[in-house]
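From first to last, the protein sequence lines are chains A and B. Residues 16 to 172 (the numbering used here) make up the first sequence, in order. Residues 8 to 188 (the numbering used here) make up the second sequence, in order.
Just so you know, not all the hints are guaranteed correct.
[What the hints assert, rightly or not] Here are the simulated SDA-like pairs of lysine to any residue, each with C-alpha atoms no more than 20 Å apart in a straight line:
#1 Lys74/A to Ile123/A
#2 Lys49/B to Ala139/B
#3 Lys118/A to Phe80/A
#4 Lys96/B to Thr171/A
#5 Lys172/A to Met86/B
#6 Lys71/A to Val48/B
#7 Lys155/A to Asn79/A
#8 Lys118/A to Phe106/A
#9 Lys172/A to Met150/B
#10 Lys74/A to Ile131/A
#11 Lys44/B to Thr70/A
#12 Lys166/A to Asn142/B
#13 Lys120/B to Arg154/A
#14 Lys160/A to Arg128/A
#15 Lys155/A to Ala107/A
#16 Lys49/B to Arg128/A
#17 Lys160/A to Ile176/B
[To be verified] Pair ranges (Cβ atoms, derived):
#18 Phe33/B to Thr151/A: 37 to 43 Å
#19 Phe184/B to Lys93/A: 29 to 35 Å
#20 Asp110/A to Arg82/B: 23 to 29 Å
Calculated directly from the structure, the hints in this document are not laboratory data. For glycine and all other residues, C-beta sits at the position ideal for the given N, C-alpha and C.
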Amino acid sequence: MSKFKKKQGNAQPAISTASLPDIVFMLLFFFMVVTKMRDTELMVTTNTPQASELTKLEKKTLVNFIFIGRPTVKNQPKYGTKPRIQLGDKFATPDDIPLFLEKFKTTIPEGQRQAIISSMKVDGEVTMGIVGDVKTALRKAGQLKINYSAKSRERTK
Amino acid sequence: MAKKNRMNNEINAGSMADIAFLLLIFFLVTTTIAEDKGVLVKLPPWSNEPPPEMKLNTRNVYSVLVNADNQLLVRGEPMDIKMLKNNTKIFISNPQRLENMSEDPAKAIISIKNDRGTQYGTYLEVYNELKAAYNELWEEASMAKFGKNLTELNKTQRAEITDAIPLVISEAEPTQFGDEK
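For reference, chain A alone in the conformation it holds in the complex (with noise of 0.2 Å):
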């Protein structure tokens, strides 16, 4: 009983804030670690189908995006509803394709160009017309290996 009476007596202890920082600090590295800055803003909706036998990108610097999609609402009055293609923050056309490609290749050194791969960040409903341009476009640019972007699911029974 004795034991209760005297801790009650005692002032009350305040929680020791002082490891907070080290806490945040940890979830800051994490974060900067994980995640990738927003270097481009989506000006097309790009849903990505779902597809299981996915690869993982793993060298994040030796990508680069090619999105293609109906625009977003906020560029449909001035852009249409047709799909477009979108390659750094801008629509393009398939023959802006090359130069986009050469413009990666220079922040790229020279021994690491083969591993380039060009990341497509297709619309789920987009028709393959567009798709196709695109790839012809890469395939006369030389740039082979190509990744369909997509969620990944189970695999079918």
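Knowing the structure of chain A, use the given hints to seat chain B on it.
Coordinates of chain B only, in the frame set by chain A:
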């Protein structure tokens, strides 16, 4: 007196947490968790000349056509996409040694052709199913040969399996039907 003060001096670290939180929120807002996953494909190099005519035994070619209405025509017969993977597996491995299926897994060729009006979602699903068929065959071969999962094999063992059952998916130029207006 000055000495006493110096001894007690401590930098107030109470605001450290606030600063760290601020940085954390800044990073949360400006970055994205990259979900860079997808179906990896190697395109054939471009050449201006038409591809050389190859004499292929028709029994070794598994042609998959996807039309502008997202319907499948496999070797001249309509097929549901759910059946595609298993039928492809049977075609490649040909367990019953049928006359009209591939002579040998190494000789099997999958050919896809789509219209311009085919939905990308369907196209990718078809491609994915075909790739899944190969992946499953590899896994089965790996289990039978080495008694291990495909992911546990070393490079030469893996190459041995993928050489026996090489992944050959050829894509024809799309036909002009049904492109978006």
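Results for each hint:
1. Lys74/A to Ile123/A: Holds, at about 12 Å.
2. Lys49/B to Ala139/B: holds (16 Å)
3. Lys118/A to Phe80/A: holds (13 Å)
4. Lys96/B to Thr171/A: Roughly 13 Å separates the two Cα atoms, so the pair holds.
5. Lys172/A to Met86/B: With a Cα-Cα distance of about 16 Å, the restraint between Lys172/A and Met86/B holds, given a limit of 20 Å.
6. Lys71/A to Val48/B: OK: Lys71/A and Val48/B at ~13 Å, within 20 Å.
7. Lys155/A to Asn79/A: holds (17 Å)
8. Lys118/A to Phe106/A: holds (16 Å)
9. Lys172/A to Met150/B: Roughly 19 Å between the alpha carbons, so the hint for Lys172/A and Met150/B holds.
10. Lys74/A to Ile131/A: Holds - the C-alpha atoms of Ile131/A and Lys74/A are around 9 Å apart, at most 20 Å.
11. Lys44/B to Thr70/A: Distance of about 6 Å is within 20 Å: holds.
12. Lys166/A to Asn142/B: holds (18 Å)
13. Lys120/B to Arg154/A: With a Cα-Cα distance of about 17 Å, the restraint between Lys120/B and Arg154/A holds, given a limit of 20 Å.
14. Lys160/A to Arg128/A: Holds, because 11 Å separates the two Cα atoms, which is no more than 20 Å.
15. Lys155/A to Ala107/A: Between Lys155/A and Ala107/A the Cα gap is close to 17 Å, so the pair holds against 20 Å.
16. Lys49/B to Arg128/A: Holds, at roughly 15 Å.
17. Lys160/A to Ile176/B: At roughly 15 Å apart (the allowed maximum being 20 Å), Ile176/B and Lys160/A satisfy the hint.
18. Phe33/B to Thr151/A: 37 to 43 Å: Cβ of Phe33/B to Cβ of Thr151/A: about 42 Å, so the range 37 to 43 Å holds.
19. Phe184/B to Lys93/A: 29 to 35 Å: holds (30 Å)
20. Asp110/A to Arg82/B: 23 to 29 Å: violated (38 Å)
In summary, the one numbered hint that this structure violates is 20.
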